[in-house]
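**Student:** Here is how the chains run, residue by residue.
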Amino acid sequence: MSVMRDGAEGRSPWQDLVGSHRPLLLKLLSGVLVFGAWEIAGRIPVSYAFPTFIESMSALLRMTLDGTLFAAYAETLKPLVVGVAISAVLGIALGLWIGLSKTFDWLFSPIFVVMQAAPLAALIPLLVMAYGIGLTSKVFVVCIMAMPVIVLNTAGAVRNTPANLKEMGRAFLATDRDVILKIVLPAASPVIFSGLRLGISAGFIGAILAELKITPTGVGDIITFSRSVADYASMYAAIFSIILLAVLFLNLLERIETGLFGGNVRGYASD
Amino acid sequence: MVMPQTERAFTPDTVDDAVTVKRITKSYGAVEALKNMTLSFPRGELTSLLGPSGCGKTTLLKIIAGLLEPTSGEVLVNGRAVTGPGPDRAFVFQDFALLPWASVMRNVAFGLELRGVAQSEREAIAEKYIAHVGLKGFERAYPHELSGGMRQRVGLARALSVDADVLLMDEPFSAVDEQTRRKFQEDLLNLVKTENKTFIFVTHSIEEAVYVSDQIAILLPRPSRVSQIIRPQGFRDKDVDNIRRDPEYLDIVDDIWSSLRSYVE
Amino acid sequence: MLVLGKYRLPGMSSLLLWALLWEIVGRSGLTFFVPPFSEVCVTLFNVIGTPAFVKALQETAVAFFAGVFFAIVIGIPVGILMGKSRLLDELLLPWVNMFLSAPLTALVPVLMVLFGFGMQAIIITTTLFAIWIIILNARAGVMQINRSLVEMARSFGATPMDAFVKIYFWAALPEILGGVRIGVIRAVKGVIIGQLLISIVGFGALFELYSANFLMAHFWAVLLVLFAMAFAVSELLAALERRVAYYAASR
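Chains as they are written, first to last, in the numbering used here: chain P, 303 to 573; chain W, 0 to 264; chain G, 122 to 372.
Hints are not guaranteed to be accurate.
[Claimed, not checked] Derived BS3-like pairs: lysine-lysine, alpha-carbon spacing no greater than 30 Å straight-line:
(1) Lys61/W <-> Lys484/P
(2) Lys484/P <-> Lys192/W
(3) Lys196/W <-> Lys237/W
(4) Lys61/W <-> Lys192/W
(5) Lys468/P <-> Lys135/W
(6) Lys61/W <-> Lys468/P
[To be verified] Distance windows between CB atoms, simulated:
(7) Gln265/G <-> Leu554/P: 24 to 34 Å
(8) Thr405/P <-> Ile145/G: 15 to 25 Å
(9) Asn218/G <-> His323/P: 13 to 23 Å
(10) Gln265/G <-> Gly561/P: 50 to 60 Å
(11) Ile145/G <-> Asp162/W: 55 to 65 Å
(12) Gly369/P <-> Leu235/G: 25 to 35 Å
In case anyone wonders, no lab produced these hints; they're calculated from the structure. Computed from a predicted model, the values in this text were never measured in an experiment. Here a beta-carbon is modelled for each residue, glycine too, at the ideal position from N, C-alpha and C.
Using the sequences and the hints, build the whole thing.
**Tutor:** Set out below in structure tokens:
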């Protein structure tokens with residue numbers, strides 16, 4: 303991002319420094335403001351259940367050092383990874399099918415369109431009744447949250463493969479298999495990838511929801527337990543860590559996405 | 000005015016025709032895009048399909064390519080009936096149709112890749128044609144890094160590298176700027192001379208058609224038909240720079256314009 | 122989708138087929154958890170009038186509309202200000218982006234201890250789900266406004282307030298509405314997630330009641346109502362957005 307102001311010859315070195323690092327400095331300033339406000343609000347305190355920023359961070363440090371956090375994440379990430387993997391494989395396959403076949407489009411699209419708009423979390427009590435409180439239910443929760451966006455993105459991308467590329471493939475004797483593997487899939491992959499990213503984002507919501515609603519395990523356990531013993535610093539620390547983890551991971555995915563597909567978004571047709 | 004031209008539209012069974020179109024009709028529901036069209040394309044020559052928009056010239060080209068199926072009638076390529084795309088024909092697209100995620104090298108070799116040619120072999124062939132169209136050094140570039148004219152050179156190299164007898168070109172120069180277009184036309188003339196291929200060339204530019212063609216088929220719309228076949232003769236062997244000043248060239252351009260004028264608007 | 126080559130089936134008609142499948146599965150007695158569709162429909166009409174359902178619907182509606190109201194009233198001005206002021210934008214954007222992709226469910230326990238197990242926490246959850254995309258879209262809408270429109274306002278002596286209300290809001294309207302539509306869909310999910318976790322209010326309480334008593338048909342009936350309403354809301358907003366889209370192209 304180049305947001306530097308140009309012009310203005312003969313600026314002081316200090317201005318140059320501020321000018322060239324402005325985005326970073328402002329990010330830092332923004333962090334200091336928000337965490338500072340958190341600290342002050344905790345010191346007033348605004349509520350008996352509102353620890354200061356420093357208290358929360360030291361709780362986070364303590365849990366990281368004694369290994370509690372790692373054990374918790376091993377537990378939390380299990381349904382997330384399994385659920386996202388299932389959703390990715392099944393979702394992309396279904397999406398491909400829907401995108402390629404008009405009949406399947408007619409048959410399946412409405413279901414996923416409704417699922418996309420509907421508050422699927424409401425299914426959780428039912429899943430618990432059907433599959434108990436174990437890993438299966440949690441994986442299901444992650445799947446129903448993550449799947450619709452993956453399916454709909456894949457189907458849309460496949461449906462929108464540039465017609466001229468498919469025609470070119472046929473003109474150069476591509477088989478149906480060639481067209482799908484060498485033209486449709488590569489053309490659709492940026493949108494499929496961003497569908498996966500959104501699916502993972504929804505999967506995080508599902509995984510945490512499952513741990514808070516079904517049975518407290520992993521990070522959900524830390525949150526629930528520390529709340530019950532009024533150790534609010536640990537509770538805030540656990541919540542802080544899961545949000546941080548999700549945001550960092552999703553940012554990483556977004557960077558990979560621009561790195562992989564950045565050049566391909568341009569250059570279709572005759573621009 | 001005496002024009003050096005021969006009518007040969009309805010004598011399609013000459014031996015040296017690479018492509019013959021026989022009584023082709025194509026209708027979309029009640030709309031007839033092509034009606035009972037018969038035309039032949041002599042081997043080793045460039046034939047233009049020229050006409051106002053809506054005259055069905057691209058439809059005819061895609062039927063020859065096997066990308067569209069005619070409602071009735073048949074297309075013969077080297078005496079065999081066309082049932083779909085085949086290795087004897089290669090297509091150059093108006094909008095280039097390059098894979099945006101593939102390098103110039105892979106794009107040019109793509110036709111060979113689909114035919115199952117081994118990688119090292121197809122890249123050697125592709126490299127030759129990349130140099131041939133003047134893109135040497137751009138093998139690792141991606142389409143979005145190229146100008147419109149360069150992209151169409153990639154499309155041309157892709158069509159040349161599969162070594163088909165017939166090259167089908169659908170308004171290949173309409174999406175490039177005027178200067179590039181002129182250069183392309185000169186290059187095309189050289190290509191017709193050096194490569195022993197049959198070219199079928201769709202265009203809506205009268206000057207372009209007269210400049211590059213051995214034979215021009217003028218198509219008229221509603222109902223779509225071949226109104227005239229023109230074979231420019233006097234200036235074909237002249238230097239590329241002198242064609243545009245040749246009196247025969249200018250006469251043919253004028254003549255075509257006066258017959259097409261009434262179809263504009 | 123064409124049948125027999127000429128009859129066009131309407132887009133959502135396959136749902137009828139799925140309902141039929143549901144009926145068959147339900148009748149086969151394959152699983153206790155899926156009662157026949159017809160039974161669910163009958164239950165639906167019985168449930169709709171009951172005080173428990175009416176109460177749940179009321180509480181949900183109040184929480185939903187209050188949450189969406191705050192998200193819009195706070196989100197749009199903040200987004201417009203971010204689009205206008207570079208300093209504000211650089212200070213706030215990282216946070217907005219963060220909360221947009223953050224798993225907000227994790228924040229519900231905090232809201233519960235801070236605001237109690239009641240309406241307040243649910244309303245705030247709903248707002249939190251909806252607000253970020255509304256801010257981001259309003260910001261994007263303002264940033265694409267034609268410069269000459271802004272200069273026109275200034276040259277005719279518009280006050281900042283006038284420019285805000287009469288230019289920025291209207292010029293950014295298509296993007297703002299797009300944000301509101303996505304925000305509202307997220308709010309529907311937020312309000313249900315909030316109720317499930319707090320579970321003594323609205324549909325959350327209703328679900329607890331039905332699942333504790335194994336009233337499967339009741340459970341599905343309420344789900345149907347909920348999904349249908351969510352879908353209707355999102356279609357309604359999409360239709361509204363299309364009505365404004367006409368001038369998005371001609372600004």
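**Student:** Indicate, hint by hint, whether the structure satisfies it.
**Tutor:** Structure-based check of each hint:
Distance restraint check for Lys61/W and Lys484/P: the Cα-Cα separation of roughly 22 Å lies within the 30 Å cut-off, and the hinted pair is therefore satisfied. For a cut-off of 30 Å, the pair hint linking Lys484/P to Lys192/W is broken: about 35 Å separates their Cα positions. Under the criterion of a C-alpha separation no larger than 30 Å, the hint pairing Lys196/W with Lys237/W is consistent with the structure, at around 20 Å. This hinted pair checks out: Lys61/W and Lys192/W have alpha carbons roughly 25 Å apart, not beyond 30 Å.
For a cut-off of 30 Å, the pair hint linking Lys468/P to Lys135/W stands: about 27 Å separates their Cα positions. Distance check on the hinted pair: Lys61/W and Lys468/P sit about 14 Å apart at the alpha-carbon level, within 30 Å; holds. The supplied range of 24 to 34 Å is met by Gln265/G and Leu554/P, whose beta-carbon atoms lie about 28 Å from each other. Distance hint check: the CB atoms of Thr405/P and Ile145/G are about 20 Å apart, consistent with the given range 15 to 25 Å.
For Asn218/G paired with His323/P, a C-beta distance near 20 Å keeps the hint of 13 to 23 Å intact. Take Gln265/G and Gly561/P: their Cβ atoms lie about 26 Å apart, and the range 50 to 60 Å is violated. Distance hint check: the CB atoms of Ile145/G and Asp162/W are about 58 Å apart, consistent with the given range 55 to 65 Å. The hint said 25 to 35 Å for the Cβ distance between Gly369/P and Leu235/G, and at roughly 29 Å that hint holds.
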